[in-house]
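**Q** Spelled out from the first residue to the last, the chains are:
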Amino acid sequence: ELKVEQNPLFLSMQEGKNYTIYCNYSTTSDRLYWYRQDPGKSLESLFVLLSNGAVKQEGRLMASLDTKARLSTLHITAAVHDLSATYFCAVGYSSASKIIFGSGTRLSIRP
Amino acid sequence: GAVVSQHPSWVICKSGTSVKIECRSLDFQATTMFWYRQFPKQSLMLMATSNEGSKATYEQGVEKDKFLINHASLTLSTLTVTSAHPEDSSFYICSASRDSRTPGNTIYFGEGSWLTVV
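Going down the list, the sequences are from chains A and H.
At position 93 of the first sequence the residue is numbered 102 (this note's numbering), and the sequence of numbers has no breaks.
At position 89 of the second sequence the residue is numbered 91 (this note's numbering), and the sequence of numbers has no breaks.
Pulled out of the complex, with its shape left as it was, chain A reads as follows (with noise of 0.2 angstroms):
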């Protein structure tokens, strides 16, 4: 059974600092995603990760993969407040498009 694990669970930083998010799956899987949630929304698809050492980047969001490790991490560079949301990683689990989620990391970012 594949698991999905994030740690932290919840993050309180302030503005302008650096923080990682870390995403840890118990079984192979071909693929990875990381979505962002706000209140009351739905799922914000920030990237897809496919291949061992991939790396991505948008805006102050950087997301990694090791597949051997079977871990992937969200790093925050130089936080700001609008990052502040609930960010999910999710694990591709059998059919390309089934996916499992982590429990979520909470961020909040304080000015």
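Calculated from the structure, these hints are not laboratory results.
Just so you know, even glycine gets a beta-carbon here, dropped at the ideal spot from N, CA and C.
One or more of the hints may lead you astray.
[Unchecked claim] Derived DMTMM-like pairs (lysine to aspartate or glutamate); straight-line CA-CA distance at most 25 angstroms:
{"#": "1", "chain 1": "H", "residue 1": "68", "chain 2": "A", "residue 2": "14"}
{"#": "2", "chain 1": "H", "residue 1": "57", "chain 2": "A", "residue 2": "24"}
{"#": "3", "chain 1": "A", "residue 1": "107", "chain 2": "H", "residue 2": "67"}
{"#": "4", "chain 1": "H", "residue 1": "68", "chain 2": "A", "residue 2": "10"}
{"#": "5", "chain 1": "H", "residue 1": "66", "chain 2": "H", "residue 2": "90"}
{"#": "6", "chain 1": "A", "residue 1": "107", "chain 2": "H", "residue 2": "90"}
[Said to hold, decoys possible] Covered stretches of chain A, going by a simulated chain H footprint (3 or more residues, C-beta under 8 angstroms):
{"#": "7", "stretch": "19 to 27"}
{"#": "8", "stretch": "75 to 85"}
[As the list claims (entries may be wrong)] The following label-pair restraints were derived from C-beta to C-beta distances:
{"#": "9", "chain 1": "H", "residue 1": "78", "chain 2": "A", "residue 2": "23", "range": "15 to 23 angstroms"}
{"#": "10", "chain 1": "A", "residue 1": "35", "chain 2": "H", "residue 2": "56", "range": "23 to 31 angstroms"}
{"#": "11", "chain 1": "H", "residue 1": "9", "chain 2": "A", "residue 2": "61", "range": "21 to 29 angstroms"}
{"#": "12", "chain 1": "H", "residue 1": "44", "chain 2": "A", "residue 2": "119", "range": "22 to 30 angstroms"}
{"#": "13", "chain 1": "A", "residue 1": "61", "chain 2": "H", "residue 2": "118", "range": "26 to 34 angstroms"}
{"#": "14", "chain 1": "A", "residue 1": "49", "chain 2": "H", "residue 2": "20", "range": "34 to 42 angstroms"}
{"#": "15", "chain 1": "A", "residue 1": "119", "chain 2": "H", "residue 2": "76", "range": "44 to 52 angstroms"}
Given chain A, work out where chain H should sit, using these hints.
**A** Chain H only, in chain A's frame:
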């Protein structure tokens, strides 16, 4: 704009009644759609895989007789919560992709449907 649309966005129903939520792919055909449930401040839990023209595949612990899924066309899947109870109150989200066979293909999520059972 949205490529996967859910309806309704919000629904309040009485205990014991049934409520139907629709998930539509707007500009592509989806042979497979997925239904998730999310309780407040929790993650998304996969409930079932909706297969066009055949029975849905339910995840372990999800009651198939309570959560009826129908995927009658290539653009529409419905989730019916039967005999709803307050503990069924949750945020329900569907997803679909243009090509479910291609890893990494963009997965589109619906806007979600808030269900409150009173």
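**Q** For every hint, state whether the structure bears it out.
**A** Each hint, compared with the structure:
Note on residue 68 of chain H and residue 14 of chain A: the hinted pairing is violated, with a Cα-Cα distance of about 29 angstroms set against a maximum of 25 angstroms. At most 25 angstroms may separate the alpha-carbon atoms for a hinted pair to count; residue 57 of chain H and residue 24 of chain A exceed this at roughly 49 angstroms. Only pairs whose Cα atoms come within 25 angstroms are accepted, and residue 107 of chain A paired with residue 67 of chain H is accepted, the gap being roughly 22 angstroms. As the CA atoms of residue 68 of chain H and residue 10 of chain A are separated by approximately 24 angstroms, the hinted pair is consistent with the 25 angstroms bound.
For the proposed pair residue 66 of chain H and residue 90 of chain H, the alpha carbon gap of about 14 angstroms is at most 25 angstroms, so the pair holds. For the suggested pair residue 107 of chain A and residue 90 of chain H, the alpha carbons sit about 23 angstroms apart, so the restraint of at most 25 angstroms is met. With 0 residues having a beta carbon nearer than 8 angstroms to a beta carbon of chain H, the stretch 19 to 27 of chain A misses the requirement of three or more and the stated coverage is violated. For the stretch 75 to 85 of chain A, the stated coverage by chain H is violated: 0 residues have a C-beta nearer than 8 angstroms to a C-beta of that chain, whereas at least 3 were required.
Range check, residue 78 of chain H to residue 23 of chain A: about 47 angstroms between beta-carbon atoms, so the 15 to 23 angstroms window is missed. One distance hint, 23 to 31 angstroms for the beta-carbon pair residue 35 of chain A and residue 56 of chain H, holds here, with the actual separation near 29 angstroms. Separated by about 40 angstroms at the C-beta atoms, residue 9 of chain H and residue 61 of chain A break the suggested range of 21 to 29 angstroms. Here the CB-CB span from residue 44 of chain H to residue 119 of chain A is close to 24 angstroms, well matched to the stated 22 to 30 angstroms.
Hint check: residue 61 of chain A to residue 118 of chain H, Cβ distance near 44 angstroms, so the stated range 26 to 34 angstroms is violated. Roughly 25 angstroms separates the CB atoms of residue 49 of chain A and residue 20 of chain H, a value that falls outside the hinted 34 to 42 angstroms. About 47 angstroms separates the C-beta atoms of residue 119 of chain A and residue 76 of chain H, a value consistent with the hinted range of 44 to 52 angstroms.
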